[in-house]
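Guided by the hints, dock chain R onto chain H, whose structure is given.
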Amino acid sequence: MAVTITDNSNFDPVDGRAPLILGDDSFAGITQAVARPMEDPAPTALKVVFGIGLMLLGLLGVSLAYLIYKGTGIWGLNNPVGWGWAIVNFVFWVGIGHAGTLISAILFLFRQKWRTSINRAAEAMTIFAVMCALIFPGVHVGRVWVAYWLLPLPNQMAMWPNFRSPLLWDVFAVSIYGTVSILFWYTGLIPDLATMRDRSKGALAKKLYGLFALGWRGSNRHWQNYERAYLILAGLSTPLVLSVHTIVSFDFAVSQLPGWHTTIFPPYFVAGAIFSGFAMVLTLMIPVRSLFNLQHIITTRHLENTAKIILLTGSLVGYAYAMEFFIAWYGGNAYESYAFVNRMFGPYAWAYWTMVSCNVITPQIFWFKKARTNVYILFVASIFVNIGMWFERFVITVTSLHRDFLPSSWDYFHPTFWDVSTFLGSFGLFLVMFCLFLRFLPAVAIAEVKAVTPAADPHHHPHAENGDDGHDEGGH
Amino acid sequence: MSAHWGALAEFTTAPEIFHACEKVRDQGFTKWDAHTPFPVHGLDGAMGLSMSKVPWIVLVCGLTGTACATLLQWWVSVVEYPLVISAKPLFSLPAFVPIMFELSVLFGAFGAVFGMLALNKLPMLYHPLFQSERFERVTDDRFFISIEAGDPRFDTAKTVQFLRELGASHVELIDG
Numbered sequence: 009m010a011v012t013i014t015d016n017s018n019f020d021p022v023d024g025r026a027p028l029i030l031g032d033d034s035f036a037g038i039t040q041a042v043a044r045p046m047e048d049p050a051p052t053a054l055k056v057v058f059g060i061g062l063m064l065l066g067l068l069g070v071s072l073a074y075l076i077y078k079g080t081g082i083w084g085l086n087n088p089v090g091w092g093w094a095i096v097n098f099v100f101w102v103g104i105g106h107a108g109t110l111i112s113a114i115l116f117l118f119r120q121k122w123r124t125s126i127n128r129a130a131e132a133m134t135i136f137a138v139m140c141a142l143i144f145p146g147v148h149v150g151r152v153w154v155a156y157w158l159l160p161l162p163n164q165m166a167m168w169p170n171f172r173s174p175l176l177w178d179v180f181a182v183s184i185y186g187t188v189s190i191l192f193w194y195t196g197l198i199p200d201l202a203t204m205r206d207r208s209k210g211a212l213a214k215k216l217y218g219l220f221a222l223g224w225r226g227s228n229r230h231w232q233n234y235e236r237a238y239l240i241l242a243g244l245s246t247p248l249v250l251s252v253h254t255i256v257s258f259d260f261a262v263s264q265l266p267g268w269h270t271t272i273f274p275p276y277f278v279a280g281a282i283f284s285g286f287a288m289v290l291t292l293m294i295p296v297r298s299l300f301n302l303q304h305i306i307t308t309r310h311l312e313n314t315a316k317i318i319l320l321t322g323s324l325v326g327y328a329y330a331m332e333f334f335i336a337w338y339g340g341n342a343y344e345s346y347a348f349v350n351r352m353f354g355p356y357a358w359a360y361w362t363m364v365s366c367n368v369i370t371p372q373i374f375w376f377k378k379a380r381t382n383v384y385i386l387f388v389a390s391i392f393v394n395i396g397m398w399f400e401r402f403v404i405t406v407t408s409l410h411r412d413f414l415p416s417s418w419d420y421f422h423p424t425f426w427d428v429s430t431f432l433g434s435f436g437l438f439l440v441m442f443c444l445f446l447r448f449l450p451a452v453a454i455a456e457v458k459a460v461t462p463a464a465d466p467h468h469h470p471h472a473e474n475g476d477d478g479h480d481e482g483g484h
Numbered sequence: 020m021s022a023h024w025g026a027l028a029e030f031t032t033a034p035e036i037f038h039a040c041e042k043v044r045d046q047g048f049t050k051w052d053a054h055t056p057f058p059v060h061g062l063d064g065a066m067g068l069s070m071s072k073v074p075w076i077v078l079v080c081g082l083t084g085t086a087c088a089t090l091l092q093w094w095v096s097v098v099e100y101p102l103v104i105s106a107k108p109l110f111s112l113p114a115f116v117p118i119m120f121e122l123s124v125l126f127g128a129f130g131a132v133f134g135m136l137a138l139n140k141l142p143m144l145y146h147p148l149f150q151s152e153r154f155e156r157v158t159d160d161r162f163f164i165s166i167e168a169g170d171p172r173f174d175t176a177k178t179v180q181f182l183r184e185l186g187a188s189h190v191e192l193i194d195g
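Residue numbers (the numbering used here), protein chains in the order written: chain H, 9 to 484; chain R, 20 to 195.
Chain H extracted, bound-state conformation:
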C-alpha cells in the first residue's frame, strides 16, 4: 500500500477497505483540520455568500411584511389554483431537509462509517431547510396572527382542530421533525463543543462553547449513555424521516383530486426527498470542502457515494413517474388519464419536461465513474437536481389544480413578483444560517471522525501486518 493515499475511490472492497480519511489522520490532525477554519479569518468567499444571503434575507423580510399587511392576494393564486408556490416551496425545503437525517440516522444504523465526514453539515442543512419550509405554511394561512389555530390549544371560541385531516398531521410531523433534528444535531455537537471550549483562546468564546458543551469531559461513563442515546435517536429518526414526507404526501394523496389521489405518493415523495436532499448536500459540500481545505476528510469517495445514492433515488423517482402514468391509463378513470396526459402535453408541458430532464435524465450520468468522481460534473448535476425537484412539486401542485372538473373554471397560474421574492428570500435565510454555522460550529463531527480512524481501534497495532486491512499508518 502506498504511504500517502490521495485517492480512495478506487478500492475493491474484496481486496481491502479504503481509508476514510486521507492524509493526516492523527487525532490532533483531525481536530486541527476541522477547527482551523473557525479560528482563521473568514475567507472572502464566505463573506460574499454571507452578504448575498443577508440581502436575500432582507428581501424575505420585506416580502413577508407586505404579505402580512396585504394578504395572500399578492401571490399569483387564482380560483382553481388555490395552492401555489407556498406549498411548492414548503415541500421543496422539507424534501431537502430529509438528507440530513437520512445520513445521520439511517446510514448510522447501517454502519456506513463514511457518514461521519458529512453528517454534521448535512444535519445543519436539515435544520435550516426545515426552518425555511416552516415559513411557508406559517404565512400561507393568510391571517398569520391566528396561525396558532393550527395547534390543539384551548381558545376563546372553544374550537379544536380536526385530527382526521392530513394537514393537521403535517403540522405535527414537520414541527416534531424539526425538534428531533435539532436534538439529534445538538447531541452530536456536545463533544465537539467541548473540543472548541478547550481550544478557544478568547474568554467569550471559551465561555459560550463551555456553556453549550454542558461541562462535557469525555468520561467513558458518559460516553456509554451518550452512545446509547445517540443510537436510539438514530432508531427513532429513521421511521420519523420516512413518516414526515409520507405525511406531506398525504396532504395531496388523501384529497380526491386527479393527479394527487394516488397510493404511490408516500414512497415516491420519500424517494424524491432523499434525492433532492443528497443533491443539496453535494451543492453545499463541494464548495465547503475546498474553501476549508477539508478534501482529505470529505474525500472523493464521500462524493462518489453521495452520487450513487442520487442515481438510485433519481431512478426510483423516474420509476414513480412512469408508474403514475401506467396506473392513470390502467385504472381507466377518464379524469385521471386526462390529468396525466395534460401534464405531459398540456400548457405546463414545459415544466413537466424540465422536471423529467433534470430528475430522471441528469442522474443517469452517475452510471459513469468519471462523472461520480469529478467535482465539476457533480456540482452541476446537483444544481440540475435541485431545479428539477422544485419543478416536480410545481408540476404536482399546479398542473393538477389548474384544470378543474368544470372547464369554465380552468385557468393558468402566473407567479407574481412576491411569489418569486419570497422564494428567493428563503434562500437568504438558508445561506445566512449556513454561513453562521460554518463560522461558529465544527462543520465536521470531530469525535465521530476520530472514532473511525485506524488508530481509534483499541486493538490496533500500527506496525503489525494485517491482511484484510487495506490501510496502513504509513507516513505518520
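Hints in this document: simulated from the structure, not taken from any laboratory.
Be aware that a few hints might be false.
[Said to hold, decoys possible] Below 30 angstroms or equal to it, Euclidean Cα-Cα: the simulated DSSO-like pairs (lysine-lysine) are:
#, chain 1, residue 1, chain 2, residue 2
1, H, Lys209, R, Lys140
2, H, Lys214, R, Lys140
3, R, Lys177, R, Lys50
4, R, Lys50, R, Lys140
5, R, Lys72, R, Lys177
6, H, Lys378, H, Lys316
7, R, Lys72, H, Lys121
8, R, Lys50, H, Lys215
9, H, Lys121, H, Lys377
10, R, Lys140, H, Lys215
Below, chain R without anything else, positioned relative to chain H:
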C-alpha cells in the same frame, strides 16, 4: 483522607487506555473513570460497566407519548368537539395513528437526550478535573484515567505508583 480530589493519569493511545482500564477494573476500584476524545470501542467492557439505562427511559417516555396522543385525539374528537366528517366514527383510530406515532417519537427523543444528560449529571459546568491543564487535551488527542480519592482503595502514594506502572505518560494529583 487527603485534600486531593483524586489522581489523573494520561495515556497517548487507544490500546494503552484500553489495557490500563482492564487493570484498574481488576484492582477493584469503583470511583474511577476513563476520559477519551471519542468513544473507544469496547471500553465499557474493559471498565466493567453495566448496561446503560437510557433505553428504559426512552421506552417509558415513548409510551407516554403514545398515550398522550391517543388521549388528546380522543378527548378532542369525541368529548370536547365532536365533528361528524364523511359519516366516520368520532373515534377514528386509523386517522389517529400518524399523530400517535409522531408524539411517541417526540417524547422518546426528549427521553433519550434529557435522560442521557440526567444520567450523566450534565450540565455540570465545573469539575475538579478542569483544573488540570493537560486535561484540556482530552477533547483532542489524549486519554485519561481518573481515580477519585473517595474510592476505598485509594491511597495517594500507592495509587499514583499503580497508575505509573500502567504505562501512563504522566500522572498528577488533582486538588479537591
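Structure-based check of each hint:
no. : hint                 : in the structure
1   : H:Lys209 to R:Lys140 : holds, 27 angstroms
2   : H:Lys214 to R:Lys140 : holds, 21 angstroms
3   : R:Lys177 to R:Lys50  : holds, 16 angstroms
4   : R:Lys50 to R:Lys140  : holds, 15 angstroms
5   : R:Lys72 to R:Lys177  : violated, 34 angstroms
6   : H:Lys378 to H:Lys316 : holds, 12 angstroms
7   : R:Lys72 to H:Lys121  : holds, 26 angstroms
8   : R:Lys50 to H:Lys215  : holds, 29 angstroms
9   : H:Lys121 to H:Lys377 : holds, 21 angstroms
10  : R:Lys140 to H:Lys215 : holds, 20 angstroms
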